[in-house]
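Could you put together the complete structure from these sequences and hints?
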Amino acid sequence: MRLSLALIAAGVLTAPAQDILFRDTFDRPDSNNIDAVLTGITDGTGAALLPDGVYTNAWLDPNSKPPGYGAPDADPANGGGTRILGNAWQVKYGTGTANAFVNHNFTNAAIVTQGGFSVSLDVNAYTQTTNGQGCGFAVGMSQAEAAGTGDAFSGASRMTGGFGTAIGSAVPTQTASDFWVTLRGDNTLAWGGKTGSVAGVTALPAKTGTISAKFSVSNFNSGTTVGYEVFLNGVSKGTGSFTWSGTNENFIGVDGRDSTSVTVDNLSIATATASPTVDLAVTPGMVQADDSAEMVTLNWTAAGLPAGATYQITADKAVTFPNGGGSGSISNGAGSAQAVVNGTLGSTTFTLSISNSTPAVIASDTATVTQAQPPSTRPNVIVMLVDDMGWGDLGCYGSEIPTPNIDALAGNGVRFRQFYQSARCSPTRCSLMSGLYPQQAAVNPAEALPDLRNDNNVTFAELLGADGYRTYLAGKWHLGAGALLPENRGFQHVWRFANGTAHSADNWNQSAYTFLSQGNEITARTFGSNFHQTDAIGDYAVDFINHNQAKGDGKPFAMFLGFGAPHFPIQAPPTAADAFMSTYSQGWDVIRQQRYNRQLANGVIDSRYPFPGLGGVGPHG
Numbered sequence: 001m002r003l004s005l006a007l008i009a010a011g012v013l014t015a016p017a018q019d020i021l022f023r024d025t026f027d028r029p030d031s032n033n034i035d036a037v038l039t040g041i042t043d044g045t046g047a048a049l050l051p052d053g054v055y056t057n058a059w060l061d062p063n064s065k066p067p068g069y070g071a072p073d074a075d076p077a078n079g080g081g082t083r084i085l086g087n088a089w090q091v092k093y094g095t096g097t098a099n100a101f102v103n104h105n106f107t108n109a110a111i112v113t114q115g116g117f118s119v120s121l122d123v124n125a126y127t128q129t130t131n132g133q134g135c136g137f138a139v140g141m142s143q144a145e146a147a148g149t150g151d152a153f154s155g156a157s158r159m160t161g162g163f164g165t166a167i168g169s170a171v172p173t174q175t176a177s178d179f180w181v182t183l184r185g186d187n188t189l190a191w192g193g194k195t196g197s198v199a200g201v202t203a204l205p206a207k208t209g210t211i212s213a214k215f216s217v218s219n220f221n222s223g224t225t226v227g228y229e230v231f232l233n234g235v236s237k238g239t240g241s242f243t244w245s246g247t248n249e250n251f252i253g254v255d256g257r258d259s260t261s262v263t264v265d266n267l268s269i270a271t272a273t274a275s276p277t278v279d280l281a282v283t284p285g286m287v288q289a290d291d292s293a294e295m296v297t298l299n300w301t302a303a304g305l306p307a308g309a310t311y312q313i314t315a316d317k318a319v320t321f322p323n324g325g326g327s328g329s330i331s332n333g334a335g336s337a338q339a340v341v342n343g344t345l346g347s348t349t350f351t352l353s354i355s356n357s358t359p360a361v362i363a364s365d366t367a368t369v370t371q372a373q374p375p376s377t378r379p380n381v382i383v384m385l386v387d388d389m390g391w392g393d394l395g396c397y398g399s400e401i402p403t404p405n406i407d408a409l410a411g412n413g414v415r416f417r418q419f420y421q422s423a424r425c426s427p428t429r430c431s432l433m434s435g436l437y438p439q440q441a442a443v444n445p446a447e448a449l450p451d452l453r454n455d456n457n458v459t460f461a462e463l464l465g466a467d468g469y470r471t472y473l474a475g476k477w478h479l480g481a482g483a484l485l486p487e488n489r490g491f492q493h494v495w496r497f498a499n500g501t502a503h504s505a506d507n508w509n510q511s512a513y514t515f516l517s518q519g520n521e522i523t524a525r526t527f528g529s530n531f532h533q534t535d536a537i538g539d540y541a542v543d544f545i546n547h548n549q550a551k552g553d554g555k556p557f558a559m560f561l562g563f564g565a566p567h568f569p570i571q572a573p574p575t576a577a578d579a580f581m582s583t584y585s586q587g588w589d590v591i592r593q594q595r596y597n598r599q600l601a602n603g604v605i606d607s608r609y610p611f612p613g614l615g616g617v618g619p620h621g
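Read in order, the letters of the sequence shown are residues 1 to 621 in our numbering.
Worth double-checking, as some hints may not be accurate.
[Said to hold, decoys possible] The list that follows gives simulated cross-link-like pairs (lysine to any residue, SDA-like), each with its CA atoms no further than 20 Å apart:
id : residue 1 : residue 2
1  : Lys555    : Ser353
2  : Lys555    : Asp543
3  : Lys317    : Asp291
4  : Lys65     : Val37
5  : Lys551    : Leu516
6  : Lys551    : Gly519
7  : Lys551    : Thr377
8  : Lys551    : Asp291
9  : Lys551    : Ala466
10 : Lys317    : Thr301
11 : Lys551    : Arg378
12 : Lys551    : Asp290
13 : Lys551    : Glu294
14 : Lys555    : Val542
15 : Lys555    : Gln518
16 : Lys65     : Leu38
17 : Lys317    : Thr351
18 : Lys551    : Ile382
19 : Lys317    : Ser353
20 : Lys65     : Thr129
21 : Lys555    : Gln288
22 : Lys555    : Glu462
23 : Lys65     : Ser31
24 : Lys551    : Pro374
25 : Lys317    : Ser347
26 : Lys555    : Ser336
27 : Lys317    : Gly285
28 : Lys317    : Thr349
29 : Lys555    : Asn520
30 : Lys551    : Asp539
31 : Lys551    : Ser517
32 : Lys65     : Ala36
33 : Lys555    : Thr377
Just so you know, the hints here were simulated from the structure itself, not pulled from any lab data.
Now the structure itself:
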């Protein structure tokens, strides 16, 4: 389980540096022209903002507008003044309200690439104490909308909605911005959207502080949902969402209202920075229950970490770190440590915790070494039935075709010299599955290819499954459909011909096969254009074995593999067929004699039966 803690978002911790798009500390000479010089301004907009062109004062006393930049008059109806004073910005001073917006459309590609942006503003001082006064910022305006905003208290088009015509929390008219936040004189923080309705209000211990918001952005298209989180002094106060009202419209402005002045500082607009994360994995992922000292390797990848981060690895069972590495400094990227676990204690879960310099945990992840039961003393069982393959088609029975893996099984096991099966595949399969004669197990013994009854027998899968085995099947079934299918006769995980029957014409057709896994524990394979039945059966056999091993409970498995490729018409992959062209170009009679000689030498045929030739009879001698 990955855990990326919300403390970064809450502002309790120091986050990694963001990409600053715009910052203004207002550290420049006192002036009624707030952007006469660019001192204190960090311009990362890419637009090369110029003196007298950084801000637009949409609502401002006429006396304070360029080119005069004079003091505001005493008429509150036409707006207040604005100025830089004492290395801070008085958004408004004098009677009336005032606002301004940055002359840049904050739709930078970096915002989308990094998943969002943030706005932060220090509200330092104002005098009045009702919810009709204070300061805030607004986002999501077109340039025309921002330029058309008016009085924050009674304007027909307002930048923020925190100050209403009826002083209170309800804001009856719409705003120009898609989202706004205001810090108000009654010690409340309010925020809302374009409809003018207040989305949230929270009480505060003071009417000043740092207001900020983080926005999750996927694009700037009209109608797209934007998530937000609002903060005061770095502490989360609320979350929600809004939608962009226009496409590529994100001018950002500041709005202020008070009887004397509203002083702010440190306006910052930056791209989002992902919270610190860490992914932890452990190999091997299992330890035998009787292994008291298994060495495992913990590997992790971390991202978004601040400088000075440290880590600590803990476990819910007793472990040791023989080479150290259980704690230390950590940086972005990959790292690892080795530990020794005790399988006799059960499964062991490791926790990797990352802390900043405070120290406080900023990210963590866990990984578990699962206790595996000792392997079962009962054998695993794999049964393979190959349609239409003659007994002499294997290397261990004299074939000219090399079958080294099967030969190895024969060399370390038993080869039958007498073995009887039916001439057709289904009767043989009936007996192999049930242990009965075909005429006993078949639904209709008179049929050449009968189905397997389900009322007078148990399959080996049903028998072994009831005794704790996991049961698997891959390949040909051809013993009936519906209630007679393998998944209904004891096989828990099945890859079979789609209708329960098929022939080798389907060797190349992946759509002719169906996969079913009990509890959906195994994922079906997708083979693409390289599909061939024989390879697919082998691939699923490996998947089945891995599945049983991954369970780690020591249970044995039983598997049936029904290969159909030797069934007529033979359709071998070209590479396999081409490899034997020269061998079979000798002629069938030569091949037949050579095979007989090998069988005789290997002792798999009775020497009393000499090679008969065409029309020959035996035995002789």
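The hints, checked one at a time:
1. The hinted pair formed by Lys555 and Ser353 fails the criterion: a straight-line CA distance of about 35 Å is larger than 20 Å.
2. A C-alpha spacing of about 16 Å is found between Lys555 and Asp543, which places the hinted pair at or below 20 Å, so the restraint holds.
3. Of the supplied pair hints, the one linking Lys317 and Asp291 holds, its CA atoms being roughly 14 Å apart against a limit of 20 Å.
4. This hinted pair checks out: Lys65 and Val37 have alpha carbons roughly 16 Å apart, not beyond 20 Å.
5. Distance check on the hinted pair: Lys551 and Leu516 sit about 18 Å apart at the alpha-carbon level, within 20 Å; holds.
6. In summary, the hint linking Lys551 to Gly519 is supported, as the alpha carbons are separated by about 13 Å, within the 20 Å threshold.
7. Only pairs whose Cα atoms come within 20 Å are accepted, and Lys551 paired with Thr377 is accepted, the gap being roughly 16 Å.
8. Proximity of Lys551 to Asp291 is assessed by CA-CA distance (about 17 Å); at most 20 Å being required, the pair is judged to hold.
9. Distance restraint check for Lys551 and Ala466: the Cα-Cα separation of roughly 18 Å lies within the 20 Å cut-off, and the hinted pair is therefore satisfied.
10. Restraint check for Lys317 and Thr301: the C-alpha separation of about 23 Å exceeds 20 Å, so the hint is violated.
11. With a CA separation close to 16 Å, the supplied pair Lys551 and Arg378 stays within the 20 Å bound.
12. Taking the CA atoms of Lys551 and Asp290, the gap is near 17 Å; set against the 20 Å cutoff, the hint holds.
13. Taken as a hint, the Lys551 and Glu294 pair is honoured in the structure, with Cα atoms around 18 Å apart against an allowance of 20 Å.
14. The hinted pair formed by Lys555 and Val542 meets the criterion: a straight-line CA distance of about 16 Å does not exceed 20 Å.
15. For the given pair, Lys555 sits about 16 Å from Gln518 by alpha-carbon distance, which is consistent with the 20 Å threshold.
16. For the given pair, Lys65 sits about 19 Å from Leu38 by alpha-carbon distance, which is consistent with the 20 Å threshold.
17. Note on Lys317 and Thr351: the hinted pairing holds, with a Cα-Cα distance of about 11 Å set against a maximum of 20 Å.
18. Restraint check for Lys551 and Ile382: the C-alpha separation of about 18 Å stays at or below 20 Å, so the hint holds.
19. Distance hint between Lys317 and Ser353 is fulfilled; the C-alpha atoms sit about 16 Å from each other, no more than 20 Å.
20. Proximity of Lys65 to Thr129 is assessed by CA-CA distance (about 29 Å); at most 20 Å being required, the pair is judged violated.
21. A threshold of 20 Å between alpha carbons decides the hint, and for Lys555 with Gln288 the separation of about 13 Å falls inside it, so the pair holds.
22. Between Lys555 and Glu462, the direct Cα distance comes to roughly 15 Å. Compliance with the 20 Å bound is thereby established for this hinted pair.
23. Of the supplied pair hints, the one linking Lys65 and Ser31 holds, its CA atoms being roughly 12 Å apart against a limit of 20 Å.
24. Straight-line distance between C-alpha atoms of Lys551 and Pro374 comes to about 12 Å, which keeps the hinted pair within the 20 Å bound.
25. The straight-line distance between the Cα atoms of Lys317 and Ser347 is roughly 8 Å, inside the 20 Å bound, and the hint therefore holds.
26. Proposed proximity of Lys555 and Ser336 is contradicted: the alpha carbons are some 33 Å apart, above 20 Å.
27. For a cut-off of 20 Å, the pair hint linking Lys317 to Gly285 stands: about 15 Å separates their Cα positions.
28. Simply put, Lys317 and Thr349 have alpha-carbon atoms about 7 Å apart, close enough for the 20 Å limit, and the pair holds.
29. Our distance criterion of 20 Å between C-alpha atoms is met by Lys555 and Asn520, whose separation comes to about 19 Å.
30. A distance of roughly 19 Å separates the Cα atoms of Lys551 and Asp539; the hinted pair therefore holds under the 20 Å criterion.
31. Pair hint Lys551 plus Ser517 holds up; C-alpha atoms about 15 Å apart against a cutoff of 20 Å.
32. Between the alpha carbons of Lys65 and Ala36 the distance comes to roughly 13 Å, so the proposed pair stays at or under 20 Å and holds.
33. Between the alpha carbons of Lys555 and Thr377 the distance comes to roughly 9 Å, so the proposed pair stays at or under 20 Å and holds.
Checked against the numbered hints above, the structure breaks hints 1, 10, 20, 26 and satisfies the rest.
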